[in-house]
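Could you slot chain B onto chain Z? The hints should help.
The listed protein sequences correspond, in order, to chains Z and B.
Just so you know, we're using full-length UniProt numbering here: the first sequence kicks off at 1 and counts up by one.
Just so you know, we're using full-length UniProt numbering here: the second sequence kicks off at 1 and counts up by one.
One or more of the hints may lead you astray.
[Said to hold, decoys possible] Pairs of lysine to aspartate or glutamate residues, derived as EDC-like cross-links and limited to a Cα-Cα distance of at most 20 Å, are as follows:
(1) Z:K52 - Z:D88
(2) Z:K72 - B:E236
(3) Z:K52 - B:E236
Keep in mind that the hints were calculated from the coordinates and are not lab data.
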Amino acid sequence: MSVVAKNLIWGVKRRTIVSDVSLMVAPGETVGLIGPNGSGKSSLLRLLAGLKRPMSGQVEINGQDIAQVPRKALSRQVAFVQQSVATDTNVTVADVVRLGRTPHRSALAGWSEGDEAAVAHALDRVDMASRRKQAWQTLSGGERQRVHIARALAQTPQVMFLDEPTNHLDIHHQIEILRMVRDLDLTSVVALHDLNLAAMFCNRIVVLEAGAVRACGTPEEVLTQKTLREVFRVTAQIVGMPGADHPHIRFSPE
Amino acid sequence: MAYDTSEGGAARLVLFLCLSLIVLIFAVAAATAIGDYNIPLRTVFLSVTNEVGLTSAGIAPIEQSVVWNLRLSRALVAALAGAGLAICGAILQALLRNTLAEPFVLGVSAGASTGAVCVIVLGIGAGGLSLSLGAFGGAFAAFALVALLSNGATSGPNHTILAGVAASQLFNALTSYIVTTSGNAQQARDVMFWLLGSFGGVRWPDFQLLLGVVIACLAICIWMARSLDAFTFGDEDAAALGVPVARIRLVLFAVTALLTATIVSMVGAIGFVGLVVPHAARYLVGPLHMRLLPASAMIGAVFMVIADITSRLIATQQTVPIGVVTALVGVPFFAIILYRARPQT
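Bound-form chain Z, shown alone (with noise of 0.2 Å):
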C-alpha cells in the first residue's frame, strides 16, 4: 500500500513542528526518516500513522484519506511502534502481542485459530518465540523492544511505522530488525538515528530539518557531505564500500 502525505503542518501552541511536508512512499518501500533530534521525525510519523490530526494537509494510505477511515478499520491496516513503552501491569509476552489482534477483534468473540496463528508467527519472526510465557516485566530493554515489533507485525499490517525502532538494542538485533522490516512485504517508515544502518536498509530516506523535509531520496543522493554538514553539524567522508551497494558514512572527530 502506498503512503501519500500532502502538505502536512502541526504543531502545540505557535510553534510549528511540522511545516508542510509532503512525500510519497510507494508500496513494498522502506523509507527512513532522518534528522537531528527535535528535527519533527516522531511528530511525522504520528501524523502519517493518524495518531495525530494535522492543522492542514492529508494523509492517504493507499489513495484513501485516513481522516475518513475509522480508528479501528485504519489498525488493521497500519501498526505503529513507539520508541519505548512502559506498564505497571504484570503481562506476559504473549499478553503483549496477543493485543495486536485488538483491532481484528469485536468486542465479545473469542480467540480464534487465526489469531493464534499470527501471534505465533509474529513471535517467531523477532525470535521471541520460545519466550512467551515469560513476565514482560523481567524483559530487558531490546527484548521490549522486539516484543513490541512482534505485536506490530500480529496486526497483520500493510503499512508499518516505526519511531526509532533500534533503540537498546545490540548491533546484531539492530541489524536483524532492520533486515526483517526491509524483507517484510510491507510499506514502513522508519524514524532512525544511524545513518549508517538507514543507508545499508533504506530504499529512499527522508532529511528532515526544523520539520521541513531537507532532502529526499536513494541514500546515495541524500547522504552527502554537504547535507551532513549543514543539517547534522558533522563533518564526515561517504566513502564507497567494495561489494556493498550502499554509501558508508565515516565521522571525522572534527
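Just chain B now, with coordinates in the frame of chain Z:
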C-alpha cells in the same frame, strides 16, 4: 508471578466465579443470621423461601421480618456496593494507568459529601430533596468539574488524577466550611457517620435500584474490556491498536462516576474496597479485563458482606462505620502494594 492468560484461563475463571458465588451465598446467609439478635440459619432459609412463596413454614413474624426486610436487603446491597466499587477501581486503574487509583480519585466522594452536607446542615431542598439525591448531585458536580479541569477526556492520566485531587480538596474544604460555620455538634456527627458509610438504612428499593445500575455498568464495562486491555501501554498505544481512546475514556469515566455516585448516595463513602479488590483479583485471574472485571465484582461483593458482618461484631450494641472496617483491612494491603510497586532493578 505472571499468567499466560489464554490457556485454560476461561475454565479457571468459570471455576473461580462458581466458587466465589458459593462463598458469597454463605456470606450473605451469615450476614442475615448474625446480629444483635442471632437467628438460626434454618430459620433464615425458611424465612426467605416463605417470602418467595416456596414454603409456608411457621416462623415467628418478627424473625421473618428481620430476615427479609432488614438483614437480607442490607446484605445484598452490601454485596452490590462492594461489587460496584471494585469494578470502578479496576476500570480506573486501567484507564489512569495507576495502581493506586480508586473510585474516589475523581473527587466523587468529596462532591457527594458536600451535597449531603448541604442537605443535612443547610436544609437545602428540605422535604423534596433527600440526602441521597443531594449526595448524588454533589458527586456529579464533582465529576463534571474534574472532566472540565482535565480538558474533556483528551488529556493524559496524570492530568486527570491532578484534576481529581483539586476537586477533592475543593469539595472537602466546602464541606468543612459548611459544617464549621452552620452545623451543630449533632449534625457534625451525623455527617461524619454518613461519610464513613453505613448499610443501616437500606431497604429493598435501594437494592433494586443498585442492582439495575451495577448490572448495566458491568455490561458496558465488559463490552469495553478488550479496549481496556489495550490501555496497558498508554493512551497512544491504545490508539495505535484501533481503540477510540477519547470515546472509551469518556464513557468509562461516566460509568464509574454514575456507579460511585449511586453507591455513595446510598451507603456513604466506603474507601479502600475499590483500591484493594482489583489487585487481589489480578493476582487470582490475571490482568485481562474480560476476566478481571467479573472476578473483581465477586471478590468485592464477598469482601463487603464480610466487612459488614465484622462491623456489627467488633463493637457490641453499636455499629462501627463500615468505612472503618474496610480501611483497617485496606491500609495494610495498601502498604503491601506500595512496597511491591518499588522500582525494580
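Comparing the hints with the structure gives:
In summary, the hint linking K52 of chain Z to D88 of chain Z is not supported, as the alpha carbons are separated by about 25 Å, beyond the 20 Å threshold. For the proposed pair K72 of chain Z and E236 of chain B, the alpha carbon gap of about 14 Å is at most 20 Å, so the pair holds. Of the supplied pair hints, the one linking K52 of chain Z and E236 of chain B holds, its CA atoms being roughly 9 Å apart against a limit of 20 Å.
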